[in-house]
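Top line first, the protein sequences correspond to chains A and B.
In the numbering used here, each residue's number is its place in the first sequence (first place is 1) plus 552.
In the numbering used here, each residue's number is its place in the second sequence (first place is 1) plus 844.
These aren't lab readings, by the way, just hints derived from the structure by calculation.
Incorrect hints may have been included.
Stated by the list, open to error - Dumping the calculated DSSO-like pairs for lysine-lysine here, alpha-carbon to alpha-carbon at most 27 Å:
hint, chain 1, residue 1, chain 2, residue 2
1, B, LYS998, A, LYS590
2, A, LYS590, B, LYS859
3, B, LYS980, B, LYS1012
Stated by the list, open to error - Covered, in the sense of this in silico footprint (three residues per stretch, anywhere, with C-beta under 8 Å from a C-beta of chain A), are these stretches of chain B:
hint, segment
4, 845 to 856
5, 898 to 907
6, 928 to 941
7, 947 to 960
Beta carbons: idealized from backbone N, C-alpha and C, even for Gly.
Okay, here's what each chain looks like letter by letter:
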Amino acid sequence: MIPSFPIALFLIPYALFLLVYGFFLFFNLYHLRTYGIKGTVSHGLGTLFLVGTVVILGASWIVLSRYDWGTPLNVQDVTGSFTNASVLNPYDRSEPTPQP
Amino acid sequence: MIDLNQLPNHKPGEKVELFLRRHWLVPTRVVLALIAGAVLPFIVFFILQETAPTLLHHPVLTPLLALFASFYFLAIWMLVIQEIVDFYLDTWIVTNERVIDVEQFGLFRREAKECHLENVVDVTSEIHGMLQMIFKYGNVIAQTAGTTGQLNFKEVPQPDEVRQTILKLVDEDRERHKPEGKTPAVASK
């Protein structure tokens, strides 16, 4: 039996990265608010950073929610038997032909 | 936030003569490079669409590619934010009383130096390289007599004019603050 795990596991490092991203964004906005020059530019930059983040995260959400994250990824595929046949034809799960 | 009309430790009659940031070309180069990096996944996508379209409909690879693309775009945007904030928060302010040098290094390091104009003993400007020569930007270094050491105005526009303005302000400041009956020291070159 080939061990497998759902590809949703890859969402865990992604979530950790989002935490780091949020940390960076928060401190940059904090610096802008605390040390920026009083005026519209500081507010404009802060708004631009937030809007850019919302756009990227929104687009990511729309794209990523289309996929079935419960799809199993076979460990055998990861450890080297990732044949061209299985890459190019996802529904072909046949064992690779042994070499003579 | 910093109010240019009411700087910290504002002195009566003090007014801002120069407010400087790095030349616009400095962050633009980095931001353009990052934007070019952001275009890269689209190029890869179109190449894959032409050469291996089945890869884009794979139940395992496609979501992982999409996840990586999201990570990649967020990382690029994070670097753009960092570069712009670094540029925006590095400021050099010259008033008719003092010179203020504020620099932000990454997220958790910030240096602010301040020196009264009468302590400025020497000001030099330097332009290195073709780009700096063409776009007229470079460094201005103000050597101080106190413990502040050097104030380094990095990659500011028109460094020669900045140097001359500082020297003029130093002379004016010494003239203003000179004790009665004494001749002021000459700072200008």
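Results for each hint:
1. LYS998(B) - LYS590(A): OK: LYS998(B) and LYS590(A) at ~22 Å, within 27 Å.
2. LYS590(A) - LYS859(B): Holds - the C-alpha atoms of LYS859(B) and LYS590(A) are around 16 Å apart, at most 27 Å.
3. LYS980(B) - LYS1012(B): Holds. LYS980(B) to LYS1012(B) sits at ~21 Å (cutoff 27 Å).
4. 845 to 856: holds (count 4)
5. 898 to 907: holds (count 9)
6. 928 to 941: holds (count 5)
7. 947 to 960: Holds: 4 residues of the segment 947 to 960 of chain B have a Cβ under 8 Å from chain A.
Against the hints set out earlier in the document, no violation occurs for any number.
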